[in-house]
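Take a look at the letters that make up each chain.
There are 2 protein chains.
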Amino acid sequence: MNGAHAVARTLLECGVEICFANPGTSELHFVAALDDEAALRAVPCLFEGVATGAADGWGRMTGRPAATLLHLGPGLGNGLANLHNARRAHTPLVNLVGDHAVFHKKYDAPLESDVDALAGTVSGWVRRCEDAATAGSDVAEAVAAAAGAPGQVATVILPADVSWSEGARPAPPVAVRPPATVPDQTVADVAEALGGGEPAAILLGGPATREPALRAAARIAAATGARLLCETFPARLERGAGLPAVERLGYLAEGAMAQLRDVRHLVLAGARAPVSFFAHPGLPGPLAPDDCRVHTLATAADDAAAALGRLADTVAAGAVPVLQAAERPEAPSGALTAESAAAAVGALLPEGAIVVDEANTSGLWLPGATAGAPRHDWLTLTGGAIGQGLPLAAGAALACPDRPVLCLEADGSAMYTLSALWTHARESLDITTVIFSNSAYAILRMESQRLGTSADGPARRDLLDLSRPRLDFVALARGMGVPATRATTAEDFTAQLRTALAEPGPHLIEADVPPLF
Amino acid sequence: MNGAHAVARTLLECGVEICFANPGTSELHFVAALDDEAALRAVPCLFEGVATGAADGWGRMTGRPAATLLHLGPGLGNGLANLHNARRAHTPLVNLVGDHAVFHKKYDAPLESDVDALAGTVSGWVRRCEDAATAGSDVAEAVAAAAGAPGQVATVILPADVSWSEGARPAPPVAVRPPATVPDQTVADVAEALGGGEPAAILLGGPATREPALRAAARIAAATGARLLCETFPARLERGAGLPAVERLGYLAEGAMAQLRDVRHLVLAGARAPVSFFAHPGLPGPLAPDDCRVHTLATAADDAAAALGRLADTVAAGAVPVLQAAERPEAPSGALTAESAAAAVGALLPEGAIVVDEANTSGLWLPGATAGAPRHDWLTLTGGAIGQGLPLAAGAALACPDRPVLCLEADGSAMYTLSALWTHARESLDITTVIFSNSAYAILRMESQRLGTSADGPARRDLLDLSRPRLDFVALARGMGVPATRATTAEDFTAQLRTALAEPGPHLIEADVPPLF
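Quick mapping for you: the protein sequence lines, in order, are chains A and B.
The C-terminal residue of the first sequence carries number 519 in our numbering, and the numbering is unbroken.
The C-terminal residue of the second sequence carries number 519 in our numbering, and the numbering is unbroken.
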């Protein structure tokens, strides 16, 4: 058995069942090995950022790593932005990055570059395979490293000759590090802080934005009066009717600081102490007020749900959590705007939907309009590297073939990884993509105003404008095999969204909305 | 004056006149500064790989650096693949990469990552600005580092607070390192080697693929019988009727080894000793035979044209170089194939055209079909990182607004940086793009056969196939504002190419050709 075959078999034996692939010559032995390991599903992607974003979506929804297959340094480079998002999401993910044969590297052939340095910037664990004999065990360790709490990106660099050399064998799974148990004293300390009567909030993040943690946190809130917050960009927030409602911390520092202004005890459960997304002149980095004590109940690597449950048992025995009532906005009419589009989404969001939110400024009303919709998952832009939504939706749809996926996407962001639409079509994924087409980098116009650099000068007008020419997303989607329509009124949009959600397979709706800024 | 303004002014004073930009929040002060420095032309790009590829095209055609404007680690990551190509092309290029404010980095905000490590993988020179007071001089040094022989990527990391802080001032240009003069003894040694009567070849590369070097090399060839070769992927090869014809070294190791089999003296002029693009089992890395002596006349950092001229004066006084005769294929008819499409290109290529060649397997007949066309430049995929062609064409067209650009592009490669078409439309660039649409990663099918992994298994069929669904490049181009047509016969293609070349502004032709593999 050659190294590539041992790697493929090991992935399967360690529970990896899908590989998002954009191979090149150095990966062809691995591609060949997939013929003999057909249980490892290979999904072709036309760009590496699609592969890495899809692997992130798969990992967020399954809790288990997908693999990627990438071609040397430039291939990894193209995948870095979505690996950055995966890193911030604590997504378990295994990159296989092909490299030149070991004996060939010294020649500095045209594709040679420092793969290790690139890998290190996004990976919690990196291993360069040196020998076919150990390729299997290297990959088994990579899967364990990726899957261990709190989840991370693990990268295996696989030289071509390691792939093609014989003498390899698959390796059995390696034990995965479970989430750590929070010490009793920590739970007791937080219980004491919450019991003092001062204003408190619980900031949920990482693994604590899922139902068990949410329910425990809601019991604590009901008993102690603590507010329930979650981090600005959760990897996967379970929400909707029947679940506890959680207030997301605002993206803008001013807003988040206002949310936290009166808090004297901030309890972190899976989240880190909140900081400003960007620095701004005159604003501090940390968002909690100076007189707020920050208590870490659980980090992302801890069993945050259990810790919250124990805390609830301590401070909230018998407390009844407040749950979100079922309620939807009415289907909107009139002008199509970010606000009316959000109402349509809220009116129609199906039970069990997976919502991928990269709507940016056009998404302002989405959380409110969908708060009381049937329960669903909300996946966000964890690392701030735009171009995540369309690939993430692909991975989520493959992970959960029985659930509808709604991808809410800003036009500017969509253009970074647009070829994900081809994967939507190729795999017949049940994804409805809404492009909020406002023909602007509106978030930069907003930030420009905030920074006081907002005079309407020619460079700013030019560089933040997407209207010359206007992008035609209906044509772009059709060019990649995704049926598409354009909506210019709220009624149009509602009708098109209803149709797209009702029909299986991919659809795209270009929603022409005015920019907010 | 704030740091951003000083940076913009310094770029202009150092001769940088264009900036390919995909900014984010951290770059907004620089965007604002451009309003006051309108001579620095800002070209918006919808993806960072478009910005870096365009900057590469600009640098190859002007010999002077363009700037890019990129947003933190993920933005640089998205630009890495084409920076890799620029690095291999020795293109002078200055990246401005915004970063978090210095005081903000410690908070590990969501977009924080190791920008320096990323920059190091593609840059010959990296500087992190620490202070507005020195931002101007940092940038002046970057321009000089980029422009100095042999040309390289220089990256300036510009924290947001350096940009917005006052107390900065522009810096004057820094002296640029000229190409080094080759010692007399080196010229004499090579003259002696060429005078011994053994079979010899001159391998041209780097700066030696332009007219003065070509003419000198052709004189030497005429006098000594040495063959004229050039590297497989020249950054910019001047060719066509009236110029010396040069044989490019083959992409496949077997082919290149056959070309070099009888050579006993290989003289490197601006090129490195040739090595196999990829390792293959049983093939050596170096391509020259064991009994071939390799003589370095000039490295890419040397004045290779002058060295060749001096060598010609020594060994070839009075020799008359052999020049390419004017000849074109006839306009083809019948089936549209890679071969007939090449004939059409050869029949119609305009005088002074800039040809960007990322046609991959579909380009097999292009060099032959265009050898005797009116003189033109030929730009190739120097680093092997696909997704170069459409952006490179944009940069070349902006650099040379009076010259037609013909971008010959493989379908698979086009999808990596397709949004460059929007820039073609936005800037009304005179670019004719031909997409060789064979619905396959045909080069990988070929490599798969070569590697002996070619059985037609399901994974290989799936991962190397682009036909399910077939990409519709006419729709994709129109979606970004570029007029487009599809050709399915040689007559169609010829007529469409004639029209596209005759009309100003961007056009795209989807040429449906069967895959060669």
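Hints in this document: simulated from the structure, not taken from any laboratory.
Take these hints with a grain of salt, some might be off.
Treat identical chains as interchangeable: a pair holds within one or across any two.
In silico lysine to aspartate or glutamate, DMTMM-like type, Cα no more than 25 angstroms apart, as pairs [as the list claims (entries may be wrong)]:
#1 LYS108 x ASP118
#2 LYS108 x GLU132
#3 LYS107 x ASP118
#4 LYS108 x GLU240
#5 LYS108 x ASP404
#6 LYS107 x GLU329
#7 LYS108 x GLU168
#8 LYS107 x GLU168
#9 LYS108 x GLU200
#10 LYS107 x ASP133
#11 LYS108 x ASP474
#12 LYS107 x ASP37
#13 LYS107 x ASP38
#14 LYS108 x ASP292
#15 LYS107 x ASP191
#16 LYS107 x ASP292
#17 LYS107 x GLU132
#18 LYS107 x ASP293
#19 LYS108 x ASP133
#20 LYS107 x ASP464
#21 LYS108 x ASP293
#22 LYS108 x GLU256
#23 LYS108 x GLU493
Here the structure is a predicted model, which is why all the values come from computation and not from measurement.
Results of checking the hints against the structure:
1. For the identical chains of this complex, LYS108 and ASP118 are neighbours both inside a copy (15 angstroms) and across copies (24 angstroms), given an alpha-carbon limit of 25 angstroms.
2. In this assembly of identical chains, the alpha carbons of LYS108 and GLU132 lie at most 25 angstroms apart only when taken from the same copy (15 angstroms versus 35 angstroms across copies).
3. Both within a single protomer and between protomers do LYS107 and ASP118 lie at most 25 angstroms apart by alpha-carbon distance, with minima of 13 angstroms and 23 angstroms respectively.
4. In this assembly of identical chains, LYS108 and GLU240 lie within 25 angstroms of each other by CA distance neither inside one copy nor across copies; the values are 50 angstroms within and 31 angstroms between.
5. Taking identical chains as interchangeable, the C-alpha atoms of LYS108 and ASP404 are never at most 25 angstroms apart, the minima being 49 angstroms within one chain and 43 angstroms between chains.
6. Taking identical chains as interchangeable, the C-alpha atoms of LYS107 and GLU329 are never at most 25 angstroms apart, the minima being 61 angstroms within one chain and 42 angstroms between chains.
7. Proximity of LYS108 to GLU168 under the C-alpha cut-off of 25 angstroms is restricted to the intra-copy arrangement: shortest distance 23 angstroms within a copy versus 47 angstroms between copies.
8. Taking CA atoms no more than 25 angstroms apart as the test, LYS107 paired with GLU168 passes inside one copy only; the shortest distance there is 20 angstroms, against 47 angstroms between copies.
9. When the C-alpha separation of LYS108 and GLU200 is checked against a cutoff of 25 angstroms, the pair qualifies neither within a copy, at 64 angstroms, nor between copies, at 30 angstroms.
10. Taking identical chains as interchangeable, the C-alpha atoms of LYS107 and ASP133 lie at most 25 angstroms apart only when both belong to the same chain, with a minimum of 15 angstroms there against 39 angstroms between chains.
11. For the identical chains of this complex, LYS108 and ASP474 are neighbours neither inside a copy (47 angstroms) nor across copies (41 angstroms), given an alpha-carbon limit of 25 angstroms.
12. Taking identical chains as interchangeable, the C-alpha atoms of LYS107 and ASP37 are never at most 25 angstroms apart, the minima being 28 angstroms within one chain and 46 angstroms between chains.
13. For the homomeric pair LYS107 and ASP38, neither the shortest alpha-carbon distance inside one copy (29 angstroms) nor that between copies (47 angstroms) is at most 25 angstroms.
14. For the homomeric pair LYS108 and ASP292, the shortest alpha-carbon distance between copies (18 angstroms) is at most 25 angstroms, but the shortest distance inside one copy (55 angstroms) is not.
15. Proximity of LYS107 to ASP191 under the C-alpha cut-off of 25 angstroms is found in neither arrangement, the shortest distances being 55 angstroms within a copy and 30 angstroms between copies.
16. For the identical chains of this complex, LYS107 and ASP292 are inter-copy neighbours only, at 19 angstroms across copies versus 53 angstroms inside a copy, given an alpha-carbon limit of 25 angstroms.
17. In this assembly of identical chains, the alpha carbons of LYS107 and GLU132 lie at most 25 angstroms apart only when taken from the same copy (12 angstroms versus 35 angstroms across copies).
18. Taking identical chains as interchangeable, the C-alpha atoms of LYS107 and ASP293 lie at most 25 angstroms apart only when they sit on different chains, with a minimum of 23 angstroms there against 56 angstroms within one chain.
19. For a Cα distance limit of 25 angstroms, the shortest separation of LYS108 from ASP133 inside one copy, 17 angstroms, qualifies, whereas the shortest one across copies, 39 angstroms, does not.
20. Proximity of LYS107 to ASP464 under the C-alpha cut-off of 25 angstroms is found in neither arrangement, the shortest distances being 44 angstroms within a copy and 30 angstroms between copies.
21. Taking identical chains as interchangeable, the C-alpha atoms of LYS108 and ASP293 lie at most 25 angstroms apart only when they sit on different chains, with a minimum of 21 angstroms there against 57 angstroms within one chain.
22. For a Cα distance limit of 25 angstroms, the shortest separation of LYS108 from GLU256 across copies, 20 angstroms, qualifies, whereas the shortest one inside one copy, 53 angstroms, does not.
23. For a Cα distance limit of 25 angstroms, the shortest separation of LYS108 from GLU493 qualifies neither inside one copy, at 63 angstroms, nor across copies, at 48 angstroms.
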